[in-house]
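Colleague: Residue-level listing of the chains:
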Amino acid sequence: MKYLLTAGLSLACSLLLLAQENATVRGYVRDAANGESLIGATLYLEGTGKGTVTNEYGFYSLTVPSGDYTLVVTYLGYAEQRVPLALNGNQTRDFALGEAGSVLEEVVVTATEEDDNVSTVQMSVERLDMGTIEKLPSLLGEVDVLRSIQLLPGVTSVGEGAAGFNVRGGSIDQNLVILDEAPVFNSSHLFGFFSVFNPDAVKGVKLYKGGIPARYGGRLSSILDVRMKEGNNQQLEVQGGIGTIFSRLSVEAPLVKDKSSFLLAGRRSYIDVLAAPFLNDELADTRLNFYDLTLKTNYRFSDRDQVFLSGYRGRDIFSPGGDQGFSWGNVTGTLRWNHLFSDKLFSNLTLYYSDYDYAIKFGDQPEQDAFNWDASIVNLSLKPEFSFYLTPDNVLRFGGQAIHYRFEPANAVAVSAGEEIDISLSRQWAVESSAYLENELNLFDRLKLNYGLRLSHFAYLGGRNVYTFGEPLRRGLPRPLSGVGRSESGEIISDWLYLEPRAAAQLTLNPTSSVKASYQRTVQYIHLLSNTTASIPLDIWTPSTNNIDPQRANQYAVGYFRNFSDNAYELSLEGYYKQLYDLIDYIDGADLILNELVEGQVLAGRGRAYGLEFQLKKTEGRASGWLSYTLARTERLVEGINNNAWYPNRFDQTHNLNLSAFYELSDRVTLSSTFVYNTGTPTTLANSGYYQLGYFIPHNGGNARNNFRIPDYHRLDFSLTLDPAKDKSGRRWQGQWVFGVYNLYARRNPFTVYGTQVDGRAPAGGPVETEAIKLSVVGSIIPSVSYNFTFQ
Amino acid sequence: MMRTATLLFLALLGFGCTDVIDLETNFQDPQLVVDAWLTNEPVPQEIRLSLSQDYYDNRLPPGLTNAEVVVCRTAPDNRCFTFFHQDSGRYVWTPGPADSLGAVGAEFVLAIQLEDATYGSQATIRRVPEIDSLVVRYEENQLGFEDGRYAQLYARDFPGTGDVYLTRSYLNDTLLNRPFELNLIYDGTFDAGSRTDGLVFIAPIRQNVNPRDDGGAFVPLQPGDTLRVDLWSLAPEAYFFLGVARDQLQNGANGIFQIPVANAPGNIYNLATEESALGMFNIAGVSTAVRVVEE
Numbered sequence: 001m002k003y004l005l006t007a008g009l010s011l012a013c014s015l016l017l018l019a020q021e022n023a024t025v026r027g028y029v030r031d032a033a034n035g036e037s038l039i040g041a042t043l044y045l046e047g048t049g050k051g052t053v054t055n056e057y058g059f060y061s062l063t064v065p066s067g068d069y070t071l072v073v074t075y076l077g078y079a080e081q082r083v084p085l086a087l088n089g090n091q092t093r094d095f096a097l098g099e100a101g102s103v104l105e106e107v108v109v110t111a112t113e114e115d116d117n118v119s120t121v122q123m124s125v126e127r128l129d130m131g132t133i134e135k136l137p138s139l140l141g142e143v144d145v146l147r148s149i150q151l152l153p154g155v156t157s158v159g160e161g162a163a164g165f166n167v168r169g170g171s172i173d174q175n176l177v178i179l180d181e182a183p184v185f186n187s188s189h190l191f192g193f194f195s196v197f198n199p200d201a202v203k204g205v206k207l208y209k210g211g212i213p214a215r216y217g218g219r220l221s222s223i224l225d226v227r228m229k230e231g232n233n234q235q236l237e238v239q240g241g242i243g244t245i246f247s248r249l250s251v252e253a254p255l256v257k258d259k260s261s262f263l264l265a266g267r268r269s270y271i272d273v274l275a276a277p278f279l280n281d282e283l284a285d286t287r288l289n290f291y292d293l294t295l296k297t298n299y300r301f302s303d304r305d306q307v308f309l310s311g312y313r314g315r316d317i318f319s320p321g322g323d324q325g326f327s328w329g330n331v332t333g334t335l336r337w338n339h340l341f342s343d344k345l346f347s348n349l350t351l352y353y354s355d356y357d358y359a360i361k362f363g364d365q366p367e368q369d370a371f372n373w374d375a376s377i378v379n380l381s382l383k384p385e386f387s388f389y390l391t392p393d394n395v396l397r398f399g400g401q402a403i404h405y406r407f408e409p410a411n412a413v414a415v416s417a418g419e420e421i422d423i424s425l426s427r428q429w430a431v432e433s434s435a436y437l438e439n440e441l442n443l444f445d446r447l448k449l450n451y452g453l454r455l456s457h458f459a460y461l462g463g464r465n466v467y468t469f470g471e472p473l474r475r476g477l478p479r480p481l482s483g484v485g486r487s488e489s490g491e492i493i494s495d496w497l498y499l500e501p502r503a504a505a506q507l508t509l510n511p512t513s514s515v516k517a518s519y520q521r522t523v524q525y526i527h528l529l530s531n532t533t534a535s536i537p538l539d540i541w542t543p544s545t546n547n548i549d550p551q552r553a554n555q556y557a558v559g560y561f562r563n564f565s566d567n568a569y570e571l572s573l574e575g576y577y578k579q580l581y582d583l584i585d586y587i588d589g590a591d592l593i594l595n596e597l598v599e600g601q602v603l604a605g606r607g608r609a610y611g612l613e614f615q616l617k618k619t620e621g622r623a624s625g626w627l628s629y630t631l632a633r634t635e636r637l638v639e640g641i642n643n644n645a646w647y648p649n650r651f652d653q654t655h656n657l658n659l660s661a662f663y664e665l666s667d668r669v670t671l672s673s674t675f676v677y678n679t680g681t682p683t684t685l686a687n688s689g690y691y692q693l694g695y696f697i698p699h700n701g702g703n704a705r706n707n708f709r710i711p712d713y714h715r716l717d718f719s720l721t722l723d724p725a726k727d728k729s730g731r732r733w734q735g736q737w738v739f740g741v742y743n744l745y746a747r748r749n750p751f752t753v754y755g756t757q758v759d760g761r762a763p764a765g766g767p768v769e770t771e772a773i774k775l776s777v778v779g780s781i782i783p784s785v786s787y788n789f790t791f792q
Numbered sequence: 001m002m003r004t005a006t007l008l009f010l011a012l013l014g015f016g017c018t019d020v021i022d023l024e025t026n027f028q029d030p031q032l033v034v035d036a037w038l039t040n041e042p043v044p045q046e047i048r049l050s051l052s053q054d055y056y057d058n059r060l061p062p063g064l065t066n067a068e069v070v071v072c073r074t075a076p077d078n079r080c081f082t083f084f085h086q087d088s089g090r091y092v093w094t095p096g097p098a099d100s101l102g103a104v105g106a107e108f109v110l111a112i113q114l115e116d117a118t119y120g121s122q123a124t125i126r127r128v129p130e131i132d133s134l135v136v137r138y139e140e141n142q143l144g145f146e147d148g149r150y151a152q153l154y155a156r157d158f159p160g161t162g163d164v165y166l167t168r169s170y171l172n173d174t175l176l177n178r179p180f181e182l183n184l185i186y187d188g189t190f191d192a193g194s195r196t197d198g199l200v201f202i203a204p205i206r207q208n209v210n211p212r213d214d215g216g217a218f219v220p221l222q223p224g225d226t227l228r229v230d231l232w233s234l235a236p237e238a239y240f241f242l243g244v245a246r247d248q249l250q251n252g253a254n255g256i257f258q259i260p261v262a263n264a265p266g267n268i269y270n271l272a273t274e275e276s277a278l279g280m281f282n283i284a285g286v287s288t289a290v291r292v293v294e295e
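Chains A and B, in that order, are what the protein sequence lines are. The first sequence begins at 1 in UniProt numbering and counts up one residue at a time. The second sequence begins at 1 in UniProt numbering and counts up one residue at a time.
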């Protein structure tokens, strides 16, 4: 780490000397109305072909030979700015862009340079800004970041209501979901129905499905980067809404105008309030609610230093009354410091804390009989990052990260007939560190490269028992404990060091088309232990240990990109192939909960995933939207499962088609629609059964895994958004109505199919009656109305 | 608990639903099933041989009638018990007065000759704790219980880990055999992983001897009801077998949180091919308590 930093800095300094006759213009691009930084805004010097885009903080730096130029600043949906630039020394120029006059452009599929699809080196990346997410029809009218990204090619989910999402055949724990850099370990409220991100507090999301730059790591399949708004630094702004599930309120205001602002946003569900009159005595005290609270503030000390502080807390509570029940949630905190070492060297130092925990408490008479269990995963991280803008054609990025993890799988006490027993599981500690070097290079005007190397190290630390396991008696049984050792606190029990090369290339064929290719190697050191179809909040994370190896993956991707009709249409076609190693799987009948010897229940397997993704977007005009189609397969091979043959993952979907369309009926009324179709996911069904002890025991003769396809899924949704009239745009209070219909033709889309035993006690000596059941999470049409307002 | 929470949510919003569908399993390959759960009580002991069948056949499987079945005690002494075919695949050994298969600690082998194949297994009678009491109490305002009379089975696990048990409840002589009535005990609690030991059976296990209704909720006992609970000792592999079987029997109720379909691993093997037949050979030590519910 230290060595790399030194090497990077000395390289940077030597290049600095070479570039003496050049001059640098640098600064920030922001939204004129609220001071929010604009990420990915384009700046170019007219007639030179030289340009750059703003980074995650709205910063840009452009170094070119001294001279007179016209600098053009553009950002989709905003009015372009053209300024003369007499560059004969280093300059600082900040820009504040105003929104374009027409409301038509509010619905934009990407908030980026118009030919971004073709011209950037980055492939396999999806961006959604809140303007688009808010216009998509949603379940119960609740605008939802995670549900929206499932409309993009290559992103699927195991079913309606399931937590998390699957990217290019990866499991849900292979996505790194970060909220202002801090990882969010469970991104769902109410199991999986709503995501934990308050739309009022989110600026936009960016999903890396492939070609992940070296600066990101830690998960195999994707990075979902959720950026929070900074808070309006121009004037007070209050936003809120009343929906079917949540009520929301957010306040943003300048603390010191142009220098400092804050954002405070909260949501709470009121399902329990609505349900109270309908619950009978036994359930009268039931509490079922979830909330989240987001806070962000920033201070600009100078044009070289800016500090951001963000915090999040969300919680789901389910209680049958008293202090019994269970709850879970995330807490994150991020402190970031942007510092400019020179006009060309931008740095960001992030310090974050993240904690996911849950708690369960049962027992009417706790001193007599009770069960208390809480668990958490806590991590603390420091992450310095540097971007060195050598020339418009050469950007060097380097940095590193250290993460300290503490896993507390269970602090648990059982009280039985007045006797208390501690059934806690041992804690685990680990440190993950990494360093990277990344170079973005434009060559010969036609070829762009982004290549880099990430070095990652993981140390599983002592202070606990170390278990070793022997071979199982028979394949499929738990591995028996063969030894217990004791490790000292801080001692390294196991560690791993991996090199993760990353590379992406873009070749411009002509101004409207390009081909791209990328390779990435990713390593994942922490794992979610979960064998249920949809992950449950009680699933625990585990580090790699002396018994569990890190998961690793290679991904190769190629793509063709083309824009039509003056960038009004964007087309992309991508193919990918992934190899995955040491994937986590489980023995049959695995006992993953409250099990000190859980490592003996884990199997390691191989995986492969491949697919073709097609997307056509229309980004301009009254009608806009996108059509995406994915043809894909994801499979795994695990010794002891499916007779040691390859089998499809539970979330495998062969065909996946999404159509999202927006139509501006007038400047007040927008009609949106989505249509979703996908092949049913595979599941395993018992095909036979036999009697033991009077029970009819299901049996999977032939031992095949995921050999049955659930019927296909399709759904059509609509929504109508009624915005305030433009001629009343001067008003301080502006209201918006959203009318939605989810699952318009009321299809009972199956989540799963299973065999079950018919209610009623089997008569003595008679057979147990069985039947097959199709479970639909949403089995009807769901209308919704929500009202949103802004007060300025 | 998760299930309750999900169901409550779906019920509140009223848009989840289930439909009964027809399912083609194409099941073609029946396997030998041995149902050999014996006890050391002085009552007739029965081993049933049959074939596995399509999950949706909805019939009792026809028995295999042409086998020879013998159980031999190998420790502390040698004695064989011949199980004679009675009817429809039921093979029975009837003890004389005060006779039984053996005492706790006795070891056994099972041999089945069926056509050209020989199947074998072994079992040991494990220790079983005394039942301290079977108590019936009136419960009011208790979570998960409609107001009424419910039984609790008080017994204490032996010191030392790995003791596993099963309860068999009979309400007025009817065996309680619904999926949620399957009550397994590992060192006084549910599973191996929790590392409890020597504990009075925890509350959910004590209560799990009560009858349940279609939805899995407990049904209160009525005055005059007779509840008998047998506590059986199991071998670890029998516990694992029933643990997997229980999770599979109850899996449908897990909704979107189902676990993968898994096969309960049996302990009866074809001696030539070493392939496993379906089913389990276990000889249980038994403790019994009976309670008549009073006004």
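Worth flagging that the hints you see were computed from the coordinates, not collected in a lab. Quick caveat: nothing in here was measured; it's all calculated off a predicted structure. Note that CB positions come from ideal geometry on N, CA and C, so glycine has one too. Take the hints with a grain of salt, since some may be wrong.
[Unchecked claim] Here are some of the chain A residues that sit facing chain B, going by a computed Cβ distance under 8 Å:
| # | residue |
| --- | --- |
| 1 | PRO511 |
| 2 | GLY589 |
| 3 | ALA686 |
| 4 | GLN757 |
Colleague: List in ascending order the numbers of the hints, as given earlier, that are violated by the structure.
Modeller: Of the numbered hints given earlier, the structure breaks just one, which is hint 1.
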